[in-house]
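Enquirer: Sequence:
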Amino acid sequence: MMKKLVLTGAAGRLGSYLREPLSKMCEELVSTDIIDDFGALYPTETYAKADVAVYDQIAPLLEGAEMVVHFGAIVDEKPFEELLGPNFVGSYNIWEAAYQHGVQRVVYASSIHAVGMHKKADFIGTDAPHKPDTFYGLAK
27 MMKKLVLTGA AGRLGSYLRE PLSKMCEELV STDIIDDFGA LYPTETYAKA
77 DVAVYDQIAP LLEGAEMVVH FGAIVDEKPF EELLGPNFVG SYNIWEAAYQ
127 HGVQRVVYAS SIHAVGMHKK ADFIGTDAPH KPDTFYGLAK
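If you count the sequence shown from 1, position 12 lands on 38 in the numbering used here, and the numbers rise without skipping.
These aren't lab readings, by the way, just hints derived from the structure by calculation.
These numbers were taken from a predicted model, which means no experiment stands behind them.
Be careful, since some hints might not be right.
DSS-like cross-link-like pairs, simulated, lysine-lysine; straight-line CA separation at most 27 Å [unchecked claim]:
| hint | residue 1 | residue 2 |
| --- | --- | --- |
| 1 | 75 | 50 |
| 2 | 75 | 30 |
| 3 | 104 | 75 |
| 4 | 29 | 50 |
| 5 | 75 | 29 |
| 6 | 30 | 50 |
Take the sequences, apply the hints, and build the full model.
Expert: Written as structure tokens, this is what we have:
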């Protein structure tokens, strides 16, 4: 069992589903998101409000972590300027903080938006051409 695991985007669609199973994999689950009134639900879980786009908010949370599951991003169709912080700078901050704190494993989810929509019959493998259809997809 891991001592500490950090989950970004804990209030999002995927993050909210992963909180319970991740809480069973570690002694301490640090769930983080930018939402104020979001709290811990499981015995090993603590909640920390933090913006992944602000290095000084997110980096301290990774201290002592063995793994980070990074799902913190904005999926909405918004102008590039609004997505730059959370989706681009935020991911950079996670990777940099993980490196600085010696985190051994980072789980980073991609998206269909990174390769664009294909015909229903197409198999989309890891070598699929990149045709991001949104700024969110470009960040993935």
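Enquirer: State for each hint whether it applies.
Expert: Evaluated hints:
no.: 1; hint: 75 <-> 50; in the structure: 21 Å, holds
no.: 2; hint: 75 <-> 30; in the structure: 17 Å, holds
no.: 3; hint: 104 <-> 75; in the structure: 23 Å, holds
no.: 4; hint: 29 <-> 50; in the structure: 11 Å, holds
no.: 5; hint: 75 <-> 29; in the structure: 21 Å, holds
no.: 6; hint: 30 <-> 50; in the structure: 11 Å, holds
When held up to the earlier numbered hints, the structure conflicts with none and fits them all.
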